[in-house]
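Participant: Chain X: place on chain S using the hints.
Heads up: the protein sequence lines correspond to chains S and X, in order.
This note's numbering puts the first residue of the first sequence at 515, with every later residue one more than the last.
This note's numbering puts the first residue of the second sequence at 515, with every later residue one more than the last.
It is possible that part of the hints are untrue.
Just so you have them, the derived chain S footprint on chain X, three or more residues with Cβ under 8 Å [claimed, not checked]: (1) 687-695; (2) 924-936.
With a straight-line Cα cutoff of 30 Å, these simulated DSBU-like cross-link-like pairs (lysine-lysine) come out [as the list claims (entries may be wrong)]: (3) LYS724/S - LYS732/X; (4) LYS668/X - LYS756/S; (5) LYS668/S - LYS732/X; (6) LYS615/S - LYS813/X; (7) LYS728/X - LYS668/S; (8) LYS756/X - LYS756/S.
Calculated from the structure, these hints are not laboratory results.
On a predicted model such as this, the values are computed, not experimentally measured, just so you know.
Beta carbons: idealized from backbone N, C-alpha and C, even for Gly.
2 protein chains.
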Amino acid sequence: MDKFVPDLIAILGQERVLFEPEHLAVYGFDGTAALSGTASCVAFPITTEEVSKIVKYAAAHKVPVVSRGSGTGLSGGSIPQAGSIVLCLAKMDKVLELDEKNLTVLVEAGVITLTVTELADAAGLLYPPDPGSGKISTIGGNVAENSGGLRGLKYGVTRDYVMGMEVVLASGEVVWLGNKCVKDVAGYSMKDVFIGSEGTLGIITRVLLKLVPKPQAKKTLLATYSRMDAAAETVSAIIAAKIIPCTLEFLDKITIQCVEDFAHIGLPLDAEAILLMETDGHPAVIAEEAARMEEIARKCGAVTVQVAQTANETDKLSSARRSAFSALARISPTTILEDATVPRSELAKMVNFIQGVAQRYNLRVGTFGHMGDGNLHPTFLTDERNKEEMHRVEQAMKEIFDFAIQLGGTITGEHGVGLAKKGFLAASIGNASLELIKQLKRTLDPDCILNPGKIFDL
Amino acid sequence: MDKFVPDLIAILGQERVLFEPEHLAVYGFDGTAALSGTASCVAFPITTEEVSKIVKYAAAHKVPVVSRGSGTGLSGGSIPQAGSIVLCLAKMDKVLELDEKNLTVLVEAGVITLTVTELADAAGLLYPPDPGSGKISTIGGNVAENSGGLRGLKYGVTRDYVMGMEVVLASGEVVWLGNKCVKDVAGYSMKDVFIGSEGTLGIITRVLLKLVPKPQAKKTLLATYSRMDAAAETVSAIIAAKIIPCTLEFLDKITIQCVEDFAHIGLPLDAEAILLMETDGHPAVIAEEAARMEEIARKCGAVTVQVAQTANETDKLSSARRSAFSALARISPTTILEDATVPRSELAKMVNFIQGVAQRYNLRVGTFGHMGDGNLHPTFLTDERNKEEMHRVEQAMKEIFDFAIQLGGTITGEHGVGLAKKGFLAASIGNASLELIKQLKRTLDPDCILNPGKIFDL
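The shape of chain S in the complex, shown without the other chains:
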């Protein structure tokens, strides 16, 4: 037992501090393959004051603090380093206020994303961010990672829905940033600094989220292709036709086969690609948009285009995309999911490049993702015990990142840098930008106690 465990127990009580090896093992992982660590203890605060006390304690004793929610992250952002306190916010799970007049909801960081989705829905509202892990991820984690999801094309990402937040700074001081005003330019936008900071600048304890009116209806279409790039061309053509659907999701052949084997949806096993298209809004508008998207898809070479006629059919088509990661993860011992992202105009090139890389390195790669956002998830089906193959995976990943950057893209569209991608950050944003973000880190966390070693090495 680390010497500071009794001190944490004094703050939180025995039952909210874990330090036994079997517990530490569980909290040594997140959703990222091939990465783990072992903390000294796991603390479960239930109030902001407790978080503040723990951070003050950590600051005084220079102990690293790694915050986390449900641990669904895909870049190792919440993997603890040795000797650290894991601050698990999962028990701070209260919905504090739904304000239907101002279309906002105030929640504690540990509230599950789906809870907010359902709460909004019941009030005739929509919380648009829709990360794949939404059934178990927490809002705090979503904000810390600036999570994306399946509706990004039309609705944007988590950042676009954060109106305010309570943050515990590296000193332990508690700050509230933002308010319920839809316009506010009083001082720099500090909340934007903490959104997407991956637990390295502060601990987010409460979040004020913006909601929007719920769209009246939606239409779901599924197009199949005999050529991968025809799917990418469809995406470009839809945008060029000035249609912004809420969802344009892509599955390649390997993914289709794995999904079908897993979910028995009736997907065509010989298709090279599938595009799941969804438009929401006024019935008249979506009927028109769906018809135009079908026409565009056919013009771009879709073999079949299916329009869901019932809610049941819609669910079935959507589940094809939703189950992609789980379906792929069944195939091999290790599933390495990447999220290189490119401008939409470069999608066809990127898709072809990923296929080429997989062939050259003799690797199994299933690709799916948010094609409407230029955000692809090439997923390596591998085995971390096979060092030689893992080496090839690394080489292939590096080529994919390099190519994304060459196309004006980024190494991560929605998963964050964390541990997994910090080696590629300088190439992605440039040394001058990297120096800027390091300066920010040194300013806000001078002793580097908050999630050290993530995003960059200081």
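Facilitator: Same frame as chain S, but now just chain X:
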């Protein structure tokens, strides 16, 4: 002539450096009443490299640099302090790329907002930010101030359309932030730090803006009221009915009378308030929304509701709001325009409070503004030579700011803090937040050469 003028001439050439008193007088103002200053010289760079050279020179000699575009700011953000170099970016006015595939446009900072609006329009696209000064303001200024405008309710503000930017840092180093990806979480979002930083953290030289498909049609309505708060109730009721129009603009009686006297639109001079409502999008949707808004306005007590039937009528109704500031500015020697902002649910309280304050202090105040955003512009019609009255204006303004903060609002929704509101910033965002933004300033501009004395005193 200041000793550094010849050095600047060596960088830019004689014709792009002004230092004669008559020129300095012109560049000593922006759009803010009762504030002015005199710089040592005004420099007109035409390339980023020149901006960088000037900032490097200023950094080496510890000379303050005050950047500006067209000088339409309403918080004194570009008022030069004595001894400073005014860096006027108006000549950096090239549109560099319109990318119709990715729906982006890359411009230099000095490009006029209207140029972008028109360029987008010609391509069947929309650049949504629509500041009142858009015909003359520059994109660089819009980004530095995070300008709002008349379409904020549905479309958000300038921040929501900035995908990337080139910034010259306080060291003179040039950094590019962002890209054409609609999702990017590689490192902290530094561009969000510079958006709205009012020239105090860096000089924005190029901006990559996001465009959206142009709505097919719009409907414009004008409702008149015999009670001010009935207009505020209409706004709340429209939002509660889950309608998000693009525009919900408000004019009070004094403003109506001034506008009518100026523009001869045919506004009812006995109305206590007017609400200009605009919805854009698919013809079927806006027809439905316009009908519902008319019904809601009538239920809330509107005396008349007029729906524009022709483009000409639409222009006429819109001009009622667009000419509000100009019309008020004709009445008195000094026009002090504020932009306290509150959560939408608190609008009726705020409107009544402003009227009460005006009466108590015996002041003429015309109020108009973006009611859908909770963003009001109480406008004091006064005379800066009348010290006694100016003192009452200050007292009244302070009460309005205090009340806005009490209601969970902010001291500035879209005009910035600048010089005009720095005394109120601590009360608005709290001391802890203020300390955070000061830390950021010290980190990014350690010698405080960029627009010193604005937003806060260090």
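Participant: Next, verify each hint and record whether it holds.
Facilitator: Hints, one by one, checked against the model:
Coverage of the region 687-695 of chain X by chain S holds in this model, with 8 residues showing a Cβ closer than 8 Å to a Cβ of that chain against a need of three. Counting residues of the region 924-936 of chain X whose C-beta sits closer than 8 Å to any C-beta of chain S gives 9, which meets the bar of three, so the coverage hint holds. This hinted pair checks out: LYS724/S and LYS732/X have alpha carbons roughly 25 Å apart, not beyond 30 Å. Of the supplied pair hints, the one linking LYS668/X and LYS756/S holds, its CA atoms being roughly 18 Å apart against a limit of 30 Å.
For the proposed pair LYS668/S and LYS732/X, the alpha carbon gap of about 20 Å is at most 30 Å, so the pair holds. For the hint pairing LYS615/S with LYS813/X, the CA-to-CA distance comes to about 18 Å; that is within 30 Å, so the pair holds. Between LYS728/X and LYS668/S the alpha-carbon distance is near 14 Å, which keeps this suggested pair within the 30 Å criterion. Straight-line distance between C-alpha atoms of LYS756/X and LYS756/S comes to about 25 Å, which keeps the hinted pair within the 30 Å bound.
In summary, the structure agrees with every hint in the numbered list given earlier.
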